[in-house]
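> For the protein sequence lines, the chains are Y and X, in the order given.
If you're matching positions, the first sequence starts at 1 in the working numbering and goes up one per residue.
If you're matching positions, the second sequence starts at 1 in the working numbering and goes up one per residue.
Take the hints with a grain of salt, since some may be wrong.
[To be verified] Derived pair list, reagent style SDA-like, types lysine to any residue, alpha-carbon separation capped at 20 Å:
| no. | chain 1 | residue 1 | chain 2 | residue 2 |
| --- | --- | --- | --- | --- |
| 1 | Y | Lys247 | Y | Phe141 |
| 2 | Y | Lys206 | X | Arg106 |
| 3 | Y | Lys307 | X | Ser165 |
| 4 | X | Lys113 | X | Glu205 |
| 5 | X | Lys113 | Y | Asn193 |
| 6 | X | Lys119 | Y | Gly194 |
| 7 | X | Lys203 | X | Glu154 |
| 8 | Y | Lys206 | X | Ala80 |
| 9 | Y | Lys307 | X | Lys183 |
| 10 | X | Lys113 | Y | Gly194 |
| 11 | X | Lys119 | Y | Thr237 |
| 12 | Y | Lys122 | X | Pro78 |
| 13 | X | Lys160 | Y | Phe219 |
| 14 | X | Lys83 | X | Glu28 |
| 15 | X | Lys183 | Y | Glu197 |
| 16 | Y | Lys307 | X | Tyr122 |
| 17 | X | Lys135 | Y | Leu208 |
| 18 | Y | Lys206 | X | Pro100 |
| 19 | X | Lys183 | X | Gln209 |
| 20 | X | Lys119 | Y | Leu37 |
| 21 | X | Lys119 | Y | Leu195 |
| 22 | X | Lys119 | Y | Met207 |
| 23 | X | Lys119 | Y | Ser220 |
| 24 | X | Lys113 | Y | Pro192 |
| 25 | X | Lys119 | Y | Val211 |
| 26 | Y | Lys206 | X | Asn132 |
| 27 | X | Lys119 | Y | Val223 |
| 28 | X | Lys119 | Y | Arg212 |
| 29 | X | Lys135 | Y | Arg212 |
| 30 | Y | Lys122 | X | Gly79 |
| 31 | X | Lys119 | Y | Ala190 |
| 32 | Y | Lys206 | X | Gln209 |
| 33 | X | Lys183 | X | Met138 |
| 34 | X | Lys119 | X | Asp139 |
| 35 | X | Lys119 | Y | Arg196 |
| 36 | Y | Lys206 | X | Val103 |
| 37 | Y | Lys307 | X | Gln161 |
| 38 | Y | Lys247 | Y | Thr237 |
| 39 | Y | Lys206 | X | Gly133 |
Calculated from the structure, these hints are not laboratory results.
All figures in this text were calculated on a predicted structure; none of them were measured in a lab.
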Amino acid sequence: MSAPVRAAAPGSPKSLARSRPRYGEQLIKAILLISALVSIATTVGIIVALVEPTIEFFSEVSFGEFFGSTTWGPLFSPPAFGVWPIIVATLEITLIAILVAVPLGLAAAIFLSEYATPRVRKIFKPVLEVLAGVPTVVFGFFALTFVTPVLKDWFPFLGLEAKNALSAGLLVGVMIIPIVASLSEDAMAAVPNGLREGSYALGASKMLTSVRVVVPAAFSGIVAAVILAISRAAGETMIVAIAGGFKSVFTLNPADEMATMAAFIAQAGSGDASVGSIPYKTIFAVGSLLFIMTFFMNYVSARLVQKYREVYE
Amino acid sequence: MTSQPNVTIRGPEVPNTPGSLDPVFTVEDLSVFYGDYEAVRNVDMLIGRREITAMIGPSGCGKSTVLRCFNRMNDLIPGAHIKGKILYHDENLYGDHVDPIEVRRRIGMVFQKPNPFPKAIYDNVAYGPRVNGIKRNMDDLVEEALTKAALWDEVKDKLKQNALSLSGGQQQRLCIARAIAVKPEVILMDEPCSALDPIATTKIEDLMQELRQEYTILIVTHNMQQAARVSDRTAFFTADVDSAGVRHGRLVEFDQTTRIFTKPSDKRTEDYITGRFG
Ligand SMILES: Nc1ncnc2c1ncn2[C@@H]1O[C@H](COP(=O)(O)OP(=O)(O)O)[C@@H](O)[C@H]1O
Ligand SMILES: [Mg+2]
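For reference, chain X alone in the conformation it holds in the complex (with noise of 0.2 Å):
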């Protein structure tokens, strides 16, 4: 076994338990609304410095909600707001002095259907750096990028090209090349393979490994396998209807992937993984 910590979050009354796990971010008590509807309540994560988070459970549990958290994507919804308090290293996420611009920065994310701008391969990724003023030699930038995304080979001849001529898998590892060269802390996935065959998804899952070294990668997937074959950690969600009748994302269970694929703690995790969920 390795000497990684034993972190299982149950709910708001258990604490954190950080251990050797260096935490990027610490959610405390986190509910996630739009508007009056309260999608997703009280869940506790911590997630570790350059490992893979993922983040499983049916659809419409909030896992996509509960991501963009991270670089407050959800502040683009009208009346999307918080409860509780997500911890970026020590800094309030949500304090009143954070400039969403500047965490969004920092925190990069590659969303479900891949959405390269309609311009040239270059330009995409020149992108992120230009409009945040970053003046390095951006050639080198661009090149530094596309290696890291293992696509710089692929595309080194036709970076005038457009990006849209490119496949669906190339076009997902040009949106991964094109948050990386914004040089980001943590890079947030969401499904980034649900729209790709089983090829482009294994080089997807290959890269993941390679950018575990350099980034913190949070992934929300509805693959099993994938979460299985990735992550350092899994966290399992899921919807309770409360007396209302509303739906209620919360949080199960979160652990390391390999207890919760073999040692659950929950049975709604364990019919989860097995297949045998409602």
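Okay, chain Y solo, but in the shape it has when bound (with noise of 0.2 Å):
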């Protein structure tokens, strides 16, 4: 015998099903929607608003003129488009910040992360945060101010500019050292700790520990550090602006001034460069270049990342 299935009747437990409905949950995931949706729309909106002018731009001036050639001046009558001393420039500084950065950001890290005390940790997050903080303006009047005449005073063989790229290189590469080493930190220190003993018990020092488990273990979020930084100098325009200058030419001696592709985007756009001109529509095709190039670096670094982390979950 079987008892018939109902409906829950008068005097049984109440039916499981939603007693009333939850409208404070619908808002709160209405409002996360919402954020979402506006970092999406933002990066939607740039692409647009870059591709307009970039395309109206190559309607007017070859690629083959933009691409093919080593003569960069849009300002100037008359006007040369050959890309490459900014593209040059733009990688050169990039290159200069990034062997800065990534040695003392992730020495930095593997000295919070693995040597320092609680104590010492405490002080030292805060102070790299600081470091973080300065407005780049800073770190261009400094470069320009200082950096550059010293280096001059101790390599006068190098043949220095007063502004040359780099002092500028360097200051940029002084600037990511906090997302390096913040980043970084976070990565190692999400390595189980279980890595670490196991490594000890088999006789490693610490240094071989950090270097050869913690790192290893942590890699993906160090490339993903990496890469934020490496996109953050590419772009950074006024220690550039400030200490590298705006002369393009198609270099590839540090010791040189040489405008980057940021720093020539804050000069024209900071000029009387009038809408639907020509130097108008040269920022915005310079500006998806950069965008692009951005793009394509962190996504070669996605897919080295995928080839090379090691999982430990």
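These two chains come separately, so use the hints to put the complex back together.
Structure, rendered in structure tokens:
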């Protein structure tokens, strides 16, 4: 004999169906969704805003001239649109910055995560964050008025110009140290302690444990930190404008003055380029290129991370 | 009956009784502190060469704490320190001249949760020899260690695979292989089977019987049957609450395993092994 299945009868336990709607939950979900949409919409908006003037630019200046020549001077007459000098300057300053920031930032992260006592860490981390909060204009003037003169003094054979890629790159590097250090430290702190113990128990020193176990296990987080740092360095404007200068010569010598893509945008954008003019459209073309370059670097690095990361979960 | 000596150490007042036991470690009046907290007090033990010594007792009574003194792992915990003495052969393990890194090379350790590095199986085994600068044919060394850990046949075709692709039991045997690869004299095991299923546990227990031909093994286990099955000697720990209400672990009884499980001389040991423990 089986009892017939019935809906909740009087006296029997209440039905498991929701008794009243949960409006709060719906509202929070809606707010979160809107927040997510705002950032997506901004990104899409930027792309849309870049695309139209960029297309117009290329209807007046050929791809061949843009990528095929090495003379840059859209604001001169006659104008020249060979973009390589500012690409090279951007890459060179970014490279110098990364050469500064990755070793120092990683060393700081290893120190904070593996060596520092909780007390020292509590003092050091805020100091790093203060460094991250220094306005870049301060770094720029520091590079121009202190670093360049000192470098000229100590290394006269370099033949530094008053504005040069070297000082600018060094200070961009200093600027991004906190990004590398702080995010790498987070990634290293997330490495399970059992892995460290496993390494120590085999007779490894602290340094070996840090370098051969902790850093590889935190690799994907560290690469993400470096990618973000590269993007910030490539787009940095104030330091390179002040200390790197605006002269667009096709050169690899870091002792020379050179304008990066961001510096050009700042210079042209703060000038009197009227809407619809060629200098105006050039700003957007260069902006698009910088956007694509950054995107491409992020993509390549993300693929590298996929390939080499050590998963510990 | 075997001709093994009857070593019963009930406290600091009882002298060590070496007999035919060939001690690798001599623990004398050992107390272990975390900062001001005395986690374990007044432990006396002898660890025999090529024997398996089990440490049993309720949770929190300081078994892991004592185990981690033998390879100076506790040095890594800020504030941890000891009083008393541990002799490794005739050398004071905590002497000023002693390098903890050298200690850990001679005295390997296997942990409760398998903790292989997120690297290739091969690199896990080669890690110890590499960081210790051992310049032998690495392929041979890796094969030898994996064979001794009864894992070679299962992994020989996938040495380049990530160690985390292995099952929990295989990971634990890999950790044993990793410890063996640096050729230690002693292997410390802290509840090595507690995260494993019964079949994997049996494999590790069988493996321990193989390993005792060559190594001295100390094992912490919460599983009394395991202690009874695998060990030659058993140390029973418990925790007392002192007059200030603070819990301190201490060694109640240390004897041949057969005696601990058949004729314990302390009432608390008997209660514990018969399951009547509070
Ligand atoms: N790192 C530590 N810092 C402070 N106290 C600890 C630490 N590790 C263990 N203890 C304490 O020491 C006592 C013994 O712990 P443990 O050796 O882990 O016991 P068991 O392994 O027997 O379960 C417990 O009271 C525990 O809370
Ligand atoms: Mg324990």
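> Indicate, hint by hint, whether the structure satisfies it.
Evaluation of the provided hints:
no. : hint                : result
1   : Y:Lys247 / Y:Phe141 : 18 Å, holds
2   : Y:Lys206 / X:Arg106 : 18 Å, holds
3   : Y:Lys307 / X:Ser165 : 16 Å, holds
4   : X:Lys113 / X:Glu205 : 16 Å, holds
5   : X:Lys113 / Y:Asn193 : 11 Å, holds
6   : X:Lys119 / Y:Gly194 : 14 Å, holds
7   : X:Lys203 / X:Glu154 : 13 Å, holds
8   : Y:Lys206 / X:Ala80  : 18 Å, holds
9   : Y:Lys307 / X:Lys183 : 34 Å, violated
10  : X:Lys113 / Y:Gly194 : 8 Å, holds
11  : X:Lys119 / Y:Thr237 : 41 Å, violated
12  : Y:Lys122 / X:Pro78  : 16 Å, holds
13  : X:Lys160 / Y:Phe219 : 19 Å, holds
14  : X:Lys83 / X:Glu28   : 9 Å, holds
15  : X:Lys183 / Y:Glu197 : 18 Å, holds
16  : Y:Lys307 / X:Tyr122 : 19 Å, holds
17  : X:Lys135 / Y:Leu208 : 17 Å, holds
18  : Y:Lys206 / X:Pro100 : 12 Å, holds
19  : X:Lys183 / X:Gln209 : 17 Å, holds
20  : X:Lys119 / Y:Leu37  : 39 Å, violated
21  : X:Lys119 / Y:Leu195 : 11 Å, holds
22  : X:Lys119 / Y:Met207 : 18 Å, holds
23  : X:Lys119 / Y:Ser220 : 14 Å, holds
24  : X:Lys113 / Y:Pro192 : 11 Å, holds
25  : X:Lys119 / Y:Val211 : 14 Å, holds
26  : Y:Lys206 / X:Asn132 : 13 Å, holds
27  : X:Lys119 / Y:Val223 : 18 Å, holds
28  : X:Lys119 / Y:Arg212 : 10 Å, holds
29  : X:Lys135 / Y:Arg212 : 18 Å, holds
30  : Y:Lys122 / X:Gly79  : 19 Å, holds
31  : X:Lys119 / Y:Ala190 : 17 Å, holds
32  : Y:Lys206 / X:Gln209 : 33 Å, violated
33  : X:Lys183 / X:Met138 : 13 Å, holds
34  : X:Lys119 / X:Asp139 : 16 Å, holds
35  : X:Lys119 / Y:Arg196 : 14 Å, holds
36  : Y:Lys206 / X:Val103 : 15 Å, holds
37  : Y:Lys307 / X:Gln161 : 13 Å, holds
38  : Y:Lys247 / Y:Thr237 : 14 Å, holds
39  : Y:Lys206 / X:Gly133 : 15 Å, holds
Going down the numbered hints, you'll see the structure goes against 9, 11, 20 and 32, while the others check out.
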